[in-house]
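Peer 1: Given next are the chains, with one letter for each unit.
2 protein chains.
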Amino acid sequence: MSKALPKRSENYSEWYNELVKRADLAEHSAVKGCMVIKPYGYAIWEKMQRALDDMFKATGHQNAYFPLFVPKSFLEKEEEHAEGFAKECAVVTHYRLKSNPDGKGLVVDPDAKLEEELIVRPTSEAVIWNTYKGWIQSWRDLPILINQWANVVRWEMRTRLFLRTTEFLWQEGHTAHATSEEAIEETEKMLGVYATFAEDWMALPVLKGLKSANERFAGAVETYCIEAMMQDGKALQSGTSHFLGQNFAKSFDVKFVNKDNQPEYAWATSWGLSTRMMGALVMAHSDDNGLVLPPKLAPIQTVIVPIYRSEEDLAKITKRINPIVERLKSLGVSVKFDADDKYKPGYKFAEYELRGVPVRLAIGMRDLENGTVEVARRDTLSKETIPLDGIESKIVALLDEIQANIYQKALAFREANTFQIDSWDDFKVQIEKGGFIEAHWDGTSETEERIKTETKATIRLIPLETTEESGACVYSGEPSKQRVVFARSY
Amino acid sequence: MSKALPKRSENYSEWYNELVKRADLAEHSAVKGCMVIKPYGYAIWEKMQRALDDMFKATGHQNAYFPLFVPKSFLEKEEEHAEGFAKECAVVTHYRLKSNPDGKGLVVDPDAKLEEELIVRPTSEAVIWNTYKGWIQSWRDLPILINQWANVVRWEMRTRLFLRTTEFLWQEGHTAHATSEEAIEETEKMLGVYATFAEDWMALPVLKGLKSANERFAGAVETYCIEAMMQDGKALQSGTSHFLGQNFAKSFDVKFVNKDNQPEYAWATSWGLSTRMMGALVMAHSDDNGLVLPPKLAPIQTVIVPIYRSEEDLAKITKRINPIVERLKSLGVSVKFDADDKYKPGYKFAEYELRGVPVRLAIGMRDLENGTVEVARRDTLSKETIPLDGIESKIVALLDEIQANIYQKALAFREANTFQIDSWDDFKVQIEKGGFIEAHWDGTSETEERIKTETKATIRLIPLETTEESGACVYSGEPSKQRVVFARSY
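Order-wise, the sequence lines are chains A and B.
Going by UniProt numbering, the first sequence opens with residue 1, and the numbers climb by one from there.
Going by UniProt numbering, the second sequence opens with residue 1, and the numbers climb by one from there.
To be clear, the hints were calculated from the coordinates, so they are not data collected in a lab.
As the structure is a prediction and not an experimental result, all values here were calculated from the model.
In this text, a Cβ means the ideal position worked out from N, Cα and C, and glycines have one as well.
Just so you know, not all the hints are guaranteed correct.
Claimed, not checked - Here are some, though not all, of the chain B residues that point toward chain A, as calculated from beta-carbon distances under 8 Å: (1) H28; (2) S29; (3) V31.
Said to hold, decoys possible - Only pairs whose alpha carbons sit at most 27 Å apart, straight line, appear in this in silico DSSO-like list of lysine-lysine: (4) A:K47 to A:K250; (5) B:K344 to A:K77; (6) B:K348 to A:K3; (7) B:K104 to A:K104; (8) B:K98 to A:K250; (9) B:K98 to A:K113; (10) A:K250 to A:K133; (11) A:K259 to B:K189; (12) B:K21 to A:K133; (13) B:K57 to A:K57; (14) A:K104 to B:K344; (15) A:K113 to B:K113; (16) B:K316 to B:K296; (17) B:K255 to A:K3; (18) B:K57 to A:K104; (19) B:K57 to A:K342; (20) A:K104 to A:K32; (21) A:K189 to A:K481; (22) A:K409 to A:K47.
The following block holds chain A by itself, in its conformation from the complex (with noise of 0.2 Å):
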């Protein structure tokens, strides 16, 4: 380990981004904006992607993969669509490079120019519904409940380790219905599923709710919406469900008969869950010594390290954890016995802490004869000795022990940082000091321009859980009739 890692009190943003690095999570490379995913971290994104590929499969869902480009007449096709992509996009406009005429090197060839240029994906509705196109005459044909995994490019001017890359890995589902309310349905259900991978898989509590018109996804009837709340108070927006009405059917003339035997357009959804999700998971749970990964998601969920002097010490220790290690694992505990001798103990402690290894064991000669282990909690940086005997049981005990109380603790860190405001001058105090604010809104988009120009603070979501309530706009004294929460936010 070299120097101690920024402290979140100092610099919550430097910390962020030099623990994703230290915790060799990811890093930036060489082409502007793209990041590259280092095995640690994406040993984390392949545990959530078999989580929520788990929960998709079970809700009914296949898996499928449409072309990487997207013509650009395709993208033109839905007007609002079109215009939220169309300034931050990667466009290929040649296939072919060749020798430079004039000396070293390769040049674009000129002769290789395409008749139409081809976007790298933002997004695929537009490829999607373009073949859905091909799939739907009948309502039998529905609904289609696809999924894909793919990598999306969004060209940003401004990028930060997966919270805003230009290149990000994503799933995005697409589905096709036949009446609104099986979409509506549908848009729900997997706002639902999303909302269980991150309370349940990254122990982060979430708000559920519909985002604002002006905060909609660009072609969307509706976009639904879970918010959760990072340490510094700003809300990070961690996957969205969207209605899309028969608005792409439309513009891609995707029609069906329907049971009356009469034509209409197919209704649809879409919802995506990308790797911005590793920088909600860091920013949600970890601390000052590193990481701290829920054990549902962590690669390593136990480490054991052997504390000796001599080979022979070394021998004994191996003897008596080997079957431990068996058993944990028979257990389906993942487990590392790290006897590397290049590093010694403290090293090694400080490592798997920055690494975020929820349970730590360290056993030394002593605690052989003494049949003990000495067991350490990353969430909680508590350490006990406890006896070897019946070991595995108290593992995985702990495990969801820990799993539970980093989620119990983002959960009290959000209701102690969530305040009802009712006064624009509290407001504007509050908000430099971060959390959620639940606020009366008139529900014009005027106001919330002001309010976001003023405060930066957005509205994250209007709750779909909540209490009516009249009451006055924070801003403009008008009607409202339930709070919605305003954040700045990532």
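For this one, chain A is given, so just place chain B on it according to the hints.
Peer 2: This is chain B only, laid out in the frame that chain A set:
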């Protein structure tokens, strides 16, 4: 089902194209040269991915993710590599569209021209070795054993679903080592993994060998490959593993301090296997009725079709079948009970035959009375009626038997279509009939080129496991030490 498939004997090529589409594996997209992999096809690819990924991890590799884009200057660094890929690559030149000032739609914004063009990766050696430069300082940092699952783009003028598409999916392993020996060992180990995957999972017998210099990967010192025979006697390259020497380390200046404290360039390998294998799977085993899938890669391994007249009958069958379905699932068999009453049993039989479901059970009221069920094997198209009691273990055994039988059939076919040829006249006659030709070759690129020009046959590989045998080159008559394998290929 619409009209029958074309017959292999009449038009093998058309049979393949139609089968891929009708069995819902893939279709052409509106984006030139790019395919849509449909859910059924993607489910097979997912099974391939899982099997390979498990083998990569078992051999010590980790997954990571590197950028989609390769700056032009990176591609230029390794000269042969650049030459090999420059002529068929998608070039990103701009990062923004804007509203057309002269009318409707979007146009490329000339103000958003990139300073340096970006190439959509045709393969990732350049971008990865540029990254490894930052990761490798000492022998302690080696080996680096990384794999990436990704999409790549090679601009193809003539495309065929799975076999040759502009965009395809693959995995690419990229490893760095301290010694040449270790890198060669890795190259051979991964060739072995591919051969095991092809034979044990795809039921596809393969030959292992080296490519001739003409057929080597651009930038490799040595290319190892596995080659399989399709039912028309042509060869299909099914995975390659490259020993890259220090070529990329030198191009990207990746040096490490070795154990003797001397700076040295790192040694590299790369190895890849793509969605092309989906094409091999179809072409190697399927018949005029449709797909024949090896059970280990079949999304549905067993389908159960009830034959009934009334709802009561169906209820009785369902009651008897449900526990069987549960037991099969618990034994790891993916099973579907198809009680959909939109289609008749005959239609379903044909559909599942088209889709290559290995085992089909049909059960009617008489079967229920007799305690029997009709079992149909997809590979042999044979049927027999057997007792329902104990059906589960019989199905498990039958799936193993089918897996083995499909492999044996393909092996017997290859053996029957492999010929040792010693005269040029015989060579020319045999190559028209198809199959693999084992012949002596004088080892020169000139002879290889002439044989290719005259017969369209290439050296598929120089076998790894072979007996030395001195002879005379089948074309030039010059001396030769071993036979090599010639064939026409995909």
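Peer 1: Taking the hints in turn, state whether each one holds.
Peer 2: Verification of the hints:
With a cut of 8 Å, the hint placing H28 (chain B) at the interface with chain A is violated, because the nearest CB-to-CB distance is about 10 Å. With a least beta-carbon distance of about 5 Å to chain A, the hint placing S29 (chain B) at the interface is held under the 8 Å criterion. The interface hint given for V31 (chain B) is met, as the beta carbon of that residue sits about 4 Å from the closest beta carbon of chain A, less than 8 Å. Of the pairs offered as hints, the one joining K47 (chain A) and K250 (chain A) is violated, with about 38 Å between alpha carbons and a cut-off of 27 Å exceeded.
Between K344 (chain B) and K77 (chain A) the alpha-carbon distance is near 41 Å, which puts this suggested pair outside the 27 Å criterion. With a C-alpha separation of about 66 Å, the suggested pairing of K348 (chain B) with K3 (chain A) is violated against the 27 Å cut-off. Between K104 (chain B) and K104 (chain A) the CA atoms are separated by roughly 41 Å; this puts the pair beyond 27 Å, and the hint is violated. About 23 Å separates the Cα atoms of K98 (chain B) and K250 (chain A), which keeps this hinted pair within 27 Å; it holds.
Between K98 (chain B) and K113 (chain A) the alpha-carbon distance is near 19 Å, which keeps this suggested pair within the 27 Å criterion. Pair hint K250 (chain A) plus K133 (chain A) holds up; C-alpha atoms about 10 Å apart against a cutoff of 27 Å. Taking the CA atoms of K259 (chain A) and K189 (chain B), the gap is near 58 Å; set against the 27 Å cutoff, the hint is violated. The hinted pair formed by K21 (chain B) and K133 (chain A) meets the criterion: a straight-line CA distance of about 16 Å does not exceed 27 Å.
Pair hint K57 (chain B) plus K57 (chain A) holds up; C-alpha atoms about 24 Å apart against a cutoff of 27 Å. A C-alpha spacing of about 67 Å is found between K104 (chain A) and K344 (chain B), which places the hinted pair above 27 Å, so the restraint is violated. For a cut-off of 27 Å, the pair hint linking K113 (chain A) to K113 (chain B) stands: about 15 Å separates their Cα positions. The suggested pairing of K316 (chain B) with K296 (chain B) is violated, with an alpha-carbon distance near 31 Å, which exceeds 27 Å.
A C-alpha spacing of about 26 Å is found between K255 (chain B) and K3 (chain A), which places the hinted pair at or below 27 Å, so the restraint holds. Restraint check: the Cα-Cα separation between K57 (chain B) and K104 (chain A) comes to about 41 Å, which exceeds 27 Å; the hinted pair is violated. Distance check on the hinted pair: K57 (chain B) and K342 (chain A) sit about 23 Å apart at the alpha-carbon level, within 27 Å; holds. Simply put, K104 (chain A) and K32 (chain A) have alpha-carbon atoms about 24 Å apart, close enough for the 27 Å limit, and the pair holds.
The suggested pairing of K189 (chain A) with K481 (chain A) holds, with an alpha-carbon distance near 26 Å, which does not exceed 27 Å. For the given pair, K409 (chain A) sits about 22 Å from K47 (chain A) by alpha-carbon distance, which is consistent with the 27 Å threshold.
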